[in-house]
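Undergrad: Here is what each chain is made of, one letter per residue.
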Amino acid sequence: MQRYIAQRLLLLIPVMLVISAIVFSLMHLIPGDPAQVLLGFENTDPAQLEAVRRDLGLDRPVYVQYGRWLGKVLRGDLGTSVRTGRPIRILVAEAFPFTLELATYALFLAIVIAIPIGTLAGTTRSRLADGAMQTLTLFGLSLPAFWVGAMLILLFSVELRWFPVLTYPALVEAPLANLRGFFLPALTLAVPNAASIARMVRASMVAVRREEYVKVARAKGLRETVVVRRHMLKNALIPVVTLIGIVTGYLLGGSIVVEQVFAIPGVGRLGLQAIVQRDYPVLQAVVLMVTGLFVLVNLVVDVIYVLLDPRIRYA
Amino acid sequence: MRNAPVPEAPTPRTLPGVPARRGLGVYIFRSRKAIIGLGLLVLVVGLAALASVIAPYPATEMHPLDRFAPPGIRYLFGTDFYGRDLFSRVLFGFRTSLLVAGFSVVFAMALGTVIGVIAGYSGGTTDTAIMRAMDIVFAFPVLLLAITIVVILGPGVLTTVLAIGIVYVPIFARIARGPTLVVREQAYVEAARALGQRAWRIVARHVLPNVSTPIFVQATINLATAILFESALSFLGLGTQPPYPSLGLMVSEGRNYLELSPWPTVFPGMAIVAAVLSFNLIGDALQEILDPRLRPTWTGS
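Sequence order for the protein chains is V and H.
The opening residue of the first sequence carries number 1 in our numbering; numbering runs sequentially from there.
The opening residue of the second sequence carries number 1 in our numbering; numbering runs sequentially from there.
Pulled out of the complex, with its shape left as it was, chain V reads as follows:
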């Protein structure tokens, strides 16, 4: 067990190295002079250009440049924004809590919605109910997040005025107002993920239904609710855990869209703004951060998966 975790952690090093190399190349792949890219395209002062070039070490071989950049990143220095002149570390630190809360809230909602629906669909003997729930989840998978967001704003904020429009007070200062403000964005982000988790739970329940231990539990005369909750669901949820790793990727990506719809100043919006303003060092940092986080979450999910199911043994 410990060996497996150690191995996975060791494997993280080459993966992160390759990812950082790709992200580093981003700056060099954008057409034009990297110094000009860094400086912003409006600034054409040759003296400043020369200074940036020297500063970046653009006269050195590419691998030296990469090494220097990586060294800085590892020390927590992500560079400075060419638009605002502020350290990117601070920009990211300001934006990150919004994205983290949005993604966590959405994951929570997705699970709370998905597990009852999936369990019901997977255990019911009514073909009609199962079919209805399958259609519902398929519909959920077909909804574009930005449109759902716009429709939710239209219905709940503009027409019914149940939820405030685009206000996000800090979680520590006003927890209730915060959860209320984040509800619609989190719900928007949760919908497609809830649909896919519900489908996975259903499939998993259907598979578990035929297991011997379920038959034994029934034969013992246990009540159906106990059989479902204690014997079926507990086992059926194990494969669902792996899906949550994948879902995180979609939450991180999807939050870019949802943050845009709901004007949440998170990491996704920071990245989009950086694209519009051609503030490429900021974009670079955002891509590196989000991808790194995604890789880490997947690692944690894999480890949890092994911990949950004693039958799985990884060499």
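These are computed hints drawn from the structure, not numbers from a lab.
On a predicted model such as this, the values are computed, not experimentally measured, just so you know.
Backbone N, C-alpha and C define an ideal beta-carbon position, used for all residues, glycine too.
Some clues are possibly wrong.
[Claimed, not checked] Label-pair restraints from in silico Cβ distances:
hint: 1; chain 1: H; residue 1: Ile35; chain 2: V; residue 2: Glu212; range: 32 to 40 Å
hint: 2; chain 1: H; residue 1: Thr60; chain 2: V; residue 2: Leu176; range: 44 to 52 Å
hint: 3; chain 1: H; residue 1: Pro58; chain 2: V; residue 2: Ala174; range: 46 to 54 Å
hint: 4; chain 1: V; residue 1: Lys215; chain 2: H; residue 2: Trp200; range: 44 to 52 Å
hint: 5; chain 1: V; residue 1: Ser126; chain 2: H; residue 2: Gly156; range: 28 to 36 Å
hint: 6; chain 1: V; residue 1: Leu308; chain 2: H; residue 2: Tyr257; range: 20 to 28 Å
hint: 7; chain 1: H; residue 1: Ala49; chain 2: V; residue 2: Asp77; range: 48 to 56 Å
hint: 8; chain 1: H; residue 1: Ile35; chain 2: V; residue 2: Asp77; range: 35 to 43 Å
hint: 9; chain 1: V; residue 1: Ala129; chain 2: H; residue 2: Ser122; range: 42 to 50 Å
hint: 10; chain 1: H; residue 1: Ala49; chain 2: V; residue 2: Arg68; range: 52 to 60 Å
hint: 11; chain 1: V; residue 1: Lys72; chain 2: H; residue 2: Ala49; range: 52 to 60 Å
hint: 12; chain 1: V; residue 1: Leu29; chain 2: H; residue 2: Ser122; range: 43 to 51 Å
Put chain H on the given structure of chain V with help from the hints.
TA: For chain H alone, kept in the frame of chain V given last:
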């Protein structure tokens, strides 16, 4: 009967558990999901193909006196901020969505299958190297990777196709590799090799038929997600660029005037749902037919 039947060893064209493709049609017409999906798809594709014939107005024609007209006889879906007919714009938007999604999936399917089959058939270091490279692509959140590609190549229709296509390549590579590994070890492939057949011929005759079914099912599902993908990129201003009509772009524009008129936001969104749902229904039905345990794969976006 053509000629006198020559006794021939039966060539298993498919893997156990996967029905022959000839039988697929029969199952499809027994599935209600597939029929509804196909019906919806025919409608969407028909509207897109005949857009220039059906559309009552050109997609960019402005009617300054009819801004934000509600749905009615003159304008079936109403009009937007510039008084452009929403129905006509949705029809042309379908065209963009389907073309971009179609080309990107075909690109991913072709490249992914080639990569997956090469990896699976070669085995050893080649296989490991290729699949590790695919894992690296998988390590990026999909939308973020697509956005990065758009930033490098500059936004446009071709870039959108490439960005979505590249993101999907590893999915197809993984799916193509699996059956290739199985087929490679089969006695009939060994026999073919013993007969001195070239690798490409073995691949074409024995590997590809086994790979094609799961690949096509995945393609159907990815068409659904590709439409969502294109619309999301366009919504963010990184996909289809104006003046080309795009459903995602329409929602993005309409959203600014939600309180004045919801229709410019409502109808393009519903159009996206219809197109995506049609492919999702067909993909889901195909999966159910091919895998009796109904094991779903990830299809969200």
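Undergrad: All the hints need checking, so say for each whether the structure fits it.
TA: Hint-by-hint comparison with the structure:
no.: 1; hint: H:Ile35 / V:Glu212: 32 to 40 Å; result: holds (38 Å)
no.: 2; hint: H:Thr60 / V:Leu176: 44 to 52 Å; result: holds (47 Å)
no.: 3; hint: H:Pro58 / V:Ala174: 46 to 54 Å; result: holds (51 Å)
no.: 4; hint: V:Lys215 / H:Trp200: 44 to 52 Å; result: holds (51 Å)
no.: 5; hint: V:Ser126 / H:Gly156: 28 to 36 Å; result: violated (50 Å)
no.: 6; hint: V:Leu308 / H:Tyr257: 20 to 28 Å; result: violated (49 Å)
no.: 7; hint: H:Ala49 / V:Asp77: 48 to 56 Å; result: holds (55 Å)
no.: 8; hint: H:Ile35 / V:Asp77: 35 to 43 Å; result: violated (59 Å)
no.: 9; hint: V:Ala129 / H:Ser122: 42 to 50 Å; result: holds (48 Å)
no.: 10; hint: H:Ala49 / V:Arg68: 52 to 60 Å; result: holds (55 Å)
no.: 11; hint: V:Lys72 / H:Ala49: 52 to 60 Å; result: holds (54 Å)
no.: 12; hint: V:Leu29 / H:Ser122: 43 to 51 Å; result: violated (29 Å)
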